Structures are given as structure tokens and as C-alpha cells.
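Take these sequences, add in the hints, and give me the full structure.
Sequence order for the protein chains is A and B. Heads up: the first sequence at position 259 corresponds to 259 in full-length UniProt numbering, and the numbers run straight through without jumps. Heads up: the second sequence at position 312 corresponds to 312 in full-length UniProt numbering, and the numbers run straight through without jumps.
Treat the hints with caution; some may be incorrect.
So the derived label-pair ranges between C-beta atoms look like this [claimed, not checked]:
1. A:A16 x B:G39: 51 to 61 Å
2. A:V120 x B:T108: 47 to 57 Å
3. A:D158 x B:D202: 30 to 40 Å
4. B:R151 x A:D158: 20 to 30 Å
5. A:S87 x B:A166: 32 to 42 Å
6. A:P86 x B:G39: 12 to 22 Å
Chain B residues, not near chain A, derived (Cβ > 10 Å throughout) [claimed, not checked]:
7. L24
8. K28
9. A50
10. T68
11. A83
12. F98
13. G99
14. R146
15. S174
16. G235
17. E256
18. P260
19. P264
20. A276
Quick caveat, the hints were computed from the structure, so don't treat them as lab data. Everything numeric in this text was worked out from a predicted model, so none of it was measured. Don't be surprised by glycine CBs; every beta carbon is placed ideally from N, CA and C.
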Amino acid sequence: MTPGRVWAWVAAGFGAIYFALPLIGTFEFSLRARRGVYSFDAYRSVLADPQFQATFLYSVVMALLTIVMGVLIVTPTAFWVRLKLPSIRPVVEFITLLPLVIPPIVLVFGYIRLYNTASVLPLTGSTLGTNLLLMLGYTTLALPYMYRAVDTGLRTLDVRTITEAAQMLGAGWLTILARLILPNVLVAVLSGAFLTFAIVIGEYVLAALLNRPAFGPYMVWMGSNRAYEPAALAVIAFAVTWGCLGLIQLATRLAPHTRARR
Amino acid sequence: MSFIQLNGLAKQFGPTRVVNDFSLSIPKGAFVSLLGPSGCGKTTVLRMLAGLEQPSAGSITIDGKDVTTLKANQRQIGMVFQAYALFPNLTVAENVAFGLRVAGRPRTEIDRRVAEMLELIGLPDLGARYPFQLSGGQQQRVALARAIAPRPRVLLLDEPLSALDAKIRVSLRSEIRAIQRELGITTVFVTHDQEEALSISDQVVVMYKGIAEQAGTPFEIYNAPKTSFVATFVGTLNVLQGEVEDGAAGTVRVGEARLPLAAPIAAAKGARVALAVRPESVRLKGAETCDIEVPADIQDVSFLGSVIRIRAAMLGTRVEFDMFNQPDMPPPAPGSRVTVGLNSRDLLLLAD
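Take a look at the structure:
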């Protein structure tokens with residue numbers, strides 16, 4: 001083994017320890033609910049908690065809606081910018097980066113001021129309206145990841161020629177987007193969707209300040225009131241996240257037309 | 001009767017005028033090539049015809065109907081692109097079926113037409129493959145099948161052979177021409193390759209700096225170029241600079257020689273003119289009888305198999321000419337002085 005390879009293994013080992021050790025520690029701690037023996041009591045307690053089920057389901061639904069909303073907003077925008085307005089790409093990229101710079105607390109206070117019950121559009125006045133506001137807030141938070149993922153996907157395509165070829169065959173914009181562009185950037189959209197899912201599942205500030213029963217506030221509440229359950233929750237959240245990643249890999253492998261590009 | 005009529009087409013991108021007052025009539029079922037160097041505006045004309053670019057001025061009529069403002073997806077025109085542009089997420093059969101699906105044709109008709117198209121392009125068994133599983137030549141065949149599957153009124157080919165290797169290019173261009181003849185579809189082909197344009201077209205339009213320099217049959221374009229650009233762009237040409245000696249008699253003095261042309265020259269005595277002669281029109285003396293005989297100093301001889309290309313100094317100009325390889329007639333040695341023959345009808349007077 002050359003010295004270069006040795007250092008590569010050392011670096012990889014260090015990285016693995018850096019990431020794995022806290023997880024192993026958390027997992028080990030989550031098993032200690034019963035004195036003296038390892039057990040899954042903390043998991044049982046968490047999974048049996050109706051609040052866990054309700055908040056997790058709520059966040060999963062919100063995440064899926066956010067993903068749909070993100071795809072609907074970002075795909076046509078990124079497509080149009082690449083096709084017709086390449087000169088404004090830096091501006092659009094800057095706008096999509098803003099959610100990384102502006103803290104969610106500023107965003108949510110802005111929303112509350114703009115859409116309170118005394119405003120022209122009193123979204124916070126109803127549950128449905130607040131849910132909609134929260135979903136739109138999540139879409140904003142996920143924008144940098146979703147836009148970049150879709151834009152990277154579009155980069156692998158000759159968007160202009162494909163669009164023109166489809167137009168020459170009689171296709172309109174909706175057909176081009178739905179049948180050609182979206183399926184071709186699906187893998188990229190999925191990676192954006194995965195990031196969106198991860199953000200929404202753990203998000204606290206927007207959900208707490210809009211007073212919605214999401215998984216993020218539940219985790220915080222659990223963390224301040226219980227000992228072993230928060231560790232079990234963290235492991236569950238981690239498993240869900242990795243499960244999503246696995247699903248993306250599976251989808252990528254199953255999409256036949258992407259094989260050549262990998 | 002023209003099927004496609006382009007009237008005074010112009011296209012401007014910012015301050016740059018790419019196409020200028022371009023007019024052309026194309027009869028139904030004709031195969032017309034737009035030939036010219038890069039940046040001459042040929043692709044822009046094609047894209048305006050396709051509806052992918054809006055003309056800055058002028059009009060486009062197809063089958064008597066003005067389509068100038070119609071969108072690309074409403075013109076019923078098929079197009080094949082240089083970069084194939086197959087849809088990577090669809091199989092070959094789905095690609096070919098795309099236009100028919102968009103048009104809402106019944107399933108049975110689509111299946112029948114796709115099978116027919118795949119048969120036509122000689123790939124009947126590859127319907128289930130994805131574009132990445134095909135070679136460049138196969139991809140371009142599929143692109144052609146996809147373009148003609150919805151039975152378009154016009155077929156546009158935008159340098160469809162440029163990305164292919166030389167051998168496939170030659171075979172595919174014959175196939176394209178055979179398919180076009182079989183279907184009788186009016187076709188406009190854009191290329192910068194003169195051999196391609198001359199070999200498969202009914203009519204060639206040579207473009208330069210956004211205008212049509214000359215339109216005519218390949219025979220006319222090659223043998224009777226109307227401008228010096230056409231003469232120099234199409235084929236190899238030897239240009240001799242001279243002075244008009246007698247315009248009415250059609251004689252020009254080049255160096256010490258007096259060359260009679262086949263027709264009178266509309267220029268005053270002493271006016272400077274350029275004469276051109278194709279390499280195949282210069283003959284070594286003894287091979288045939290010629291109207292004009294001039295001495296030439298052989299500089300270089302290249303043996304190309306069936307043809308021998310000879311470079312020589314003739315009338316103070318370096319010229320190239322070709323002779324067929326004949327076993328009983330060895331080529332002249334470099335450094336020797338020979339007499340070469342020309343015919344008046346082969347001397348082209350170049351206009352600017």
C-alpha cells in the first residue's frame with residue numbers, strides 16, 4: 001500500500017468515526033431506558049405516543065406538499081431561465097439563495113405581519129390558511145436546494161434542442177415540461193425532494209411560531225421533558241432520512257434512461 | 001408552382017443583420033439545399049421557416065397560406081437537428097410516436113405508423129431501445145423517422161450529418177434522399193459541405209453574408225457560378241487575373257497569352273477581370289484537342305490513385321489541375337515544362 005493510500009484510509013476512517021460515533025452514542029443511550037439492560041422501551045414509548053404519530057404524519061404530509069409545490073415552482077422557472085433568459089440566471093440564483101441568508105425567524109415574522117387576521121389576505125385566521133402559509137414557508141426554505149438540484153439536472157440536458165424538437169412535433173409548453181423536461185430531471189428533482197423532506201421533518205421555527213402541530217416542535221418538546229425518548233426520536237428521524245436516500249438511489253437505478261449518464 | 005415561398009426574409013439580432021432580403025421559391029416535393037460557410041445565415045433561414053425564429057421582415061408562405069406568424073408547433077413541419085435531439089427518457093418507438101401522440105392519434109394508428117417508420121429507416125427491431133443504446137447514425141435515423149412520422153408538409157434538415165463520421169455520412173445522405181423521394185416530401189437541407197449539397201439536391205442555394213448569392217441546380221451552380229464567391233466556395237478553382245482586350249470578341253489578355261472566352265464581355269478594353277478554370281478543365285496537351293494552349297512549369301505531382309493532381313505555374317499564376325490515371329500516360333516530372341490545353345467554354349468570367 002502506497003503512503004498516499006494509507007493517508008486516504010486514515011482520512012476515511014477519521015470521517016467515519018466523526019460521523020458514526022455520535023450516532024452510535026445516541027443509539028446506545030436510547031436503549032438504556034430500562035435500568036441495567038438494553039431495551040427498545042424508549043422506541044416503544046415514542047411510537048405508541050399518539051402525539052408522535054400525529055405530528056410525524058402532519059410533517060410527512062407537509063413535506064410531500066412542499067415537494068410538489070417546490071417542483072411546480074422550480075422546474076418551470078429553471079427551465080424557462082435556461083431556455084429564454086440565460087442572462088438573468090445569476091439574479092435568479094441570488095434570489096434562490098436568500099433563504100440561506102435570511103433567518104426563518106425573520107421570514108415567519110414577515111409572514112405573520114403580512115398575513116395576519118387584520119390584513120388583506122388573513123391566512124393566519126384559519127387552520128387551512130395557516131397550513132398553506134407553513135407549506136409556502138417550507139417551500140421558501142427548501143428553494144436553494146430544490147433550485148440547485150433541478151438546475152444541475154437541466155445542465156445535463158440539451159434543453160433548447162429538446163424543446164425545439166418537441167415544438168416541431170406539435171408539443172405545447174405543458175407537454176414539453178410534463179413529458180420531457182420533468183422525467184429527464186426526475187433524479188435531480190428527487191435529490192431536491194429528499195433535501196426538502198429532511199428540512200421539513202426537522203423544521204422548528206416556522207411550525208412553532210405559526211403554532212402548527214409539526215414534528216419539529218414535538219421533538220423540541222420531547223427533548224425538554226423526557227430523557228431517553230429524544231435519543232430514540234433522533235435515531236428514528238435519522239433512519240427515515242436514510243430511508244429516503246435509499247429510495248432515491250433505488251429510483252435512480254430503476255429509471256432505465258439514466259443508466260447511460262451515470 | 002411554388003409550394004414554399006420565402007419573400008424578402010430578413011433577420012436581425014441586435015445590431016447584427018444575419019439574413020438580408022432572402023427570397024426563394026421551392027416547388028412541391030423538391031429537395032433544396034442551403035449551402036454556405038458558417039455564419040452565412042443558412043440555419044437562421046431554416047429556423048425562420050420552422051417557426052423557431054421570427055423574421056424581422058418578410059413573409060413565409062406554405063401551400064398558399066401565410067405562416068409567418070404561426071408558432072412552430074402549428075406549422076406541421078418536421079425537423080431533424082444536428083445534435084439528434086432524441087428525447088432521452090423515451091424509447092426509440094416512443095420517440096417516433098411522440099408527434100402522433102401529441103396530435104391525439106388513435107393507439108392502433110400510432111403503433112402501425114411507428115412500425116412503418118422503423119421499417120423505413122431499417123431499424124425494425126430497435127423500438128424498445130433507449131437513445132443512449134444507439135450509435136450516432138442510428139440516432140439520426142430515428143430522428144428522421146420521428147420527424148416524418150406525423151406526415152409533415154415540409155421536412156427541414158439542419159446539418160443532420162455533421163456529427164457523424166465520413167463513411168456513415170455518405171451512406172446516410174443517400175438514405176435520406178431515397179426516403180425523401182419515396183415520400184415525395186418537400187425538403188430543405190442546410191449544410192456547409194458542398195459535396196453533400198451537390199450530390200443530393202434538386203436545387204442548391206449558395207448563401208453568403210445573409211443573402212442568396214445564387215440558386216440553381218447543382219450542375220448550374222458548379223459549372224456556371226454567377227459570383228466570385230460561388231465560384232470559389234463551390235469546388236476548387238484556379239483564378240487568373242487579366243485585362244479585357246476586346247469586349248465584343250470576348251478576349252482577355254492574361255500575361256503573354258490571349259484567351260478567347262465563349263461569350264462577349266460587357267467591359268471596356270483594359271478593364272481588369274478575373275477568369276476562373278476548374279482543375280478538371282485543364283488538360284495536358286496530347287490528351288484532347290483544345291481551343292487554347294499555354295505553357296506550364298510543373299511544380300508538384302500528387303498521385304491520388306484514380307486521379308493525379310498536378311500543381312504548376314501557368315501564365316504567372318500557380319494553378320492546380322487533375323488528370324485521370326492512365327497506365328499508358330505517366331504524369332509529367334516536377335520541374336519539366338509542358339503545354340496544357342483549355343477550352344474557351346471552360347473559362348468562367350467572375351463577377352464580384
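Are any of the numbered hints broken by this structure? If so, which, sorted upward? 9, 11, 12, 13 and 14
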